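Student: Chains as they are written, first to last, in our numbering: chain A, 757 to 1038; chain C, 757 to 1038.
You may find that some hints are simply not true.
Pairs involving identical chains hold if they fit within one copy or between any two copies, as the list cannot separate such chains.
Capping the alpha-carbon separation at 16 Å, the derived lysine to aspartate or glutamate pairs in EDC-like fashion look like this [unchecked claim]:
{"hint": "1", "residue 1": "K988", "residue 2": "E912"}
{"hint": "2", "residue 1": "K933", "residue 2": "E954"}
{"hint": "3", "residue 1": "K995", "residue 2": "D1033"}
{"hint": "4", "residue 1": "K988", "residue 2": "E868"}
{"hint": "5", "residue 1": "K777", "residue 2": "E876"}
{"hint": "6", "residue 1": "K802", "residue 2": "E876"}
{"hint": "7", "residue 1": "K800", "residue 2": "E987"}
{"hint": "8", "residue 1": "K857", "residue 2": "E954"}
{"hint": "9", "residue 1": "K802", "residue 2": "E824"}
{"hint": "10", "residue 1": "K920", "residue 2": "E954"}
{"hint": "11", "residue 1": "K894", "residue 2": "E876"}
{"hint": "12", "residue 1": "K820", "residue 2": "D809"}
{"hint": "13", "residue 1": "K820", "residue 2": "D759"}
{"hint": "14", "residue 1": "K946", "residue 2": "E872"}
{"hint": "15", "residue 1": "K777", "residue 2": "D809"}
{"hint": "16", "residue 1": "K800", "residue 2": "D994"}
{"hint": "17", "residue 1": "K894", "residue 2": "E908"}
{"hint": "18", "residue 1": "K985", "residue 2": "E908"}
{"hint": "19", "residue 1": "K844", "residue 2": "E962"}
These are calculated hints, taken from the structure and not from any lab test.
Computed from a predicted model, the values in this text were never measured in an experiment.
Number of protein chains: 2
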Amino acid sequence: MYDIAIIGGGPAGVSAAINAKLLNKNFIWLGGVSVSKKVVLAEKIKNYPGLPDISGENFGTALKAHTESMGIELTEKVVTGIYDTGGKYTLLAGDSEYEAKTVILCIGAVNEKPIEGENEFIGRGVSYCATCDGFAYKGKTIGVLCADKRFEHEVEYLCSLAEKVYVMPMYKNCGVKAENCEIILKKPHKISGRLRVESIAFDAGEIKADGIFILRNAVAADTLLHGLKTEKGHIISDKLCATNISGVFAAGDCTGRPYQYIKAAGEGNVAVHSAIDYLAKL
Amino acid sequence: MYDIAIIGGGPAGVSAAINAKLLNKNFIWLGGVSVSKKVVLAEKIKNYPGLPDISGENFGTALKAHTESMGIELTEKVVTGIYDTGGKYTLLAGDSEYEAKTVILCIGAVNEKPIEGENEFIGRGVSYCATCDGFAYKGKTIGVLCADKRFEHEVEYLCSLAEKVYVMPMYKNCGVKAENCEIILKKPHKISGRLRVESIAFDAGEIKADGIFILRNAVAADTLLHGLKTEKGHIISDKLCATNISGVFAAGDCTGRPYQYIKAAGEGNVAVHSAIDYLAKL
């Protein structure tokens, strides 16, 4: 069991990981996207004190070099669920499970709103993890919302199991090639059914489906951890990065505006200190 | 009148100044010590993400280079009082006055407790500013607590006015040379009097004095701004850096632990965004 699980590969996660390492804690650092991929799209960053006028690419490289110099590695997995399992937290990430005494959420701002019906049908046809739940759809018909090209291998895995797969890529040039796959260039706007998912609706028309896999870079905070208080999509946290759930801390864009690298890095530091204070009291 | 007055030359102040400049605000940046002097004593800094294993000296240089590259200059003055003057704040610094709509306090952690009687006799014999109040002690007897060698010119100025000056340097090798100056190598522990200061007591013995000048690098937050809520010496602020006084924000070590450069820099950024939100509502 880890002392601390840090979730998120952006600047808040980097800062948390650096401090957890320096303070000699037993921790795991999980994230779907490493920082170098995440900040690379930023143009010039002018307000990260000490690194004037740095490009997103160079900033990502600098952060990566920092963690590497300390022997810190990101475990590149998307965490799809966090469960309070009695005095500890169990994290699901792909087909792996991790246990930790404290959790630091550095999961970024989730810009997308959930699809209508998404939260309602979680566990009843809505899934965030192909490797976790794919097998249950052997021989069935499913939809897959694929937010990023790098999830295509998961889509292909689902194609190898399901009879029919409707893929809804949120980017251009989807490369999934499977005979039983049909590409729909529309965004789903509603998930419906009685007890379980039965159909997925678009602006015009709908498809019948036994389930939908939603493969996004980030899962909304309160979907990830049931009972976590949020407001307008942001985790409610205090100045010491504590959330409403004891042992769970939050840092970076997921805690609200301003969306700024230096603010995220600062909170990552604070969150680790708060987690350590919490561990000391256990 | 400025939109924003930023007080403090450390990493929180640097970050605030960079953001105020980028966001095109009319601001003044005041501080007794520039960042290059302040962080220079730090040994290796290992947890400022993006600048691995940097010395305090190089970190200070990097911050200074950042502000200089943006044409930002610190006005090197110690702010000794902030007054709400009706919809604006008036700041006293040496013999200058500045007016601003908002104030961002980045004044660092004040480690020293006030001397017994210090707060009680402010304006009645206790002063923080030689150039402001020195003239009132022409021909009188005063004590001067001098916390830093760089205030010695102020001590000498006081010696040119007062009849007798007891200097209490808080460092070795005090260089003040004046015929009417007597050096006391003890720390005062109590300031007493009836209506005004009359004496200064040490562990053993006391001196008669008409006043005492306390020349420190930082003035305690609630001494600086009357009515500002503090707890154990730290300014009470929320995650958006707001204090209990509207239009007054706080960032960095003065808001509490952890005392970390990256936390300070993050808060400096947040405080400017909050000040701008506040200005927009005026």
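Student: Please list, smallest to largest, the hint numbers that this structure does not respect.
Tutor: 1, 2, 5, 6, 7, 8, 11, 13, 16, 17, 18 and 19
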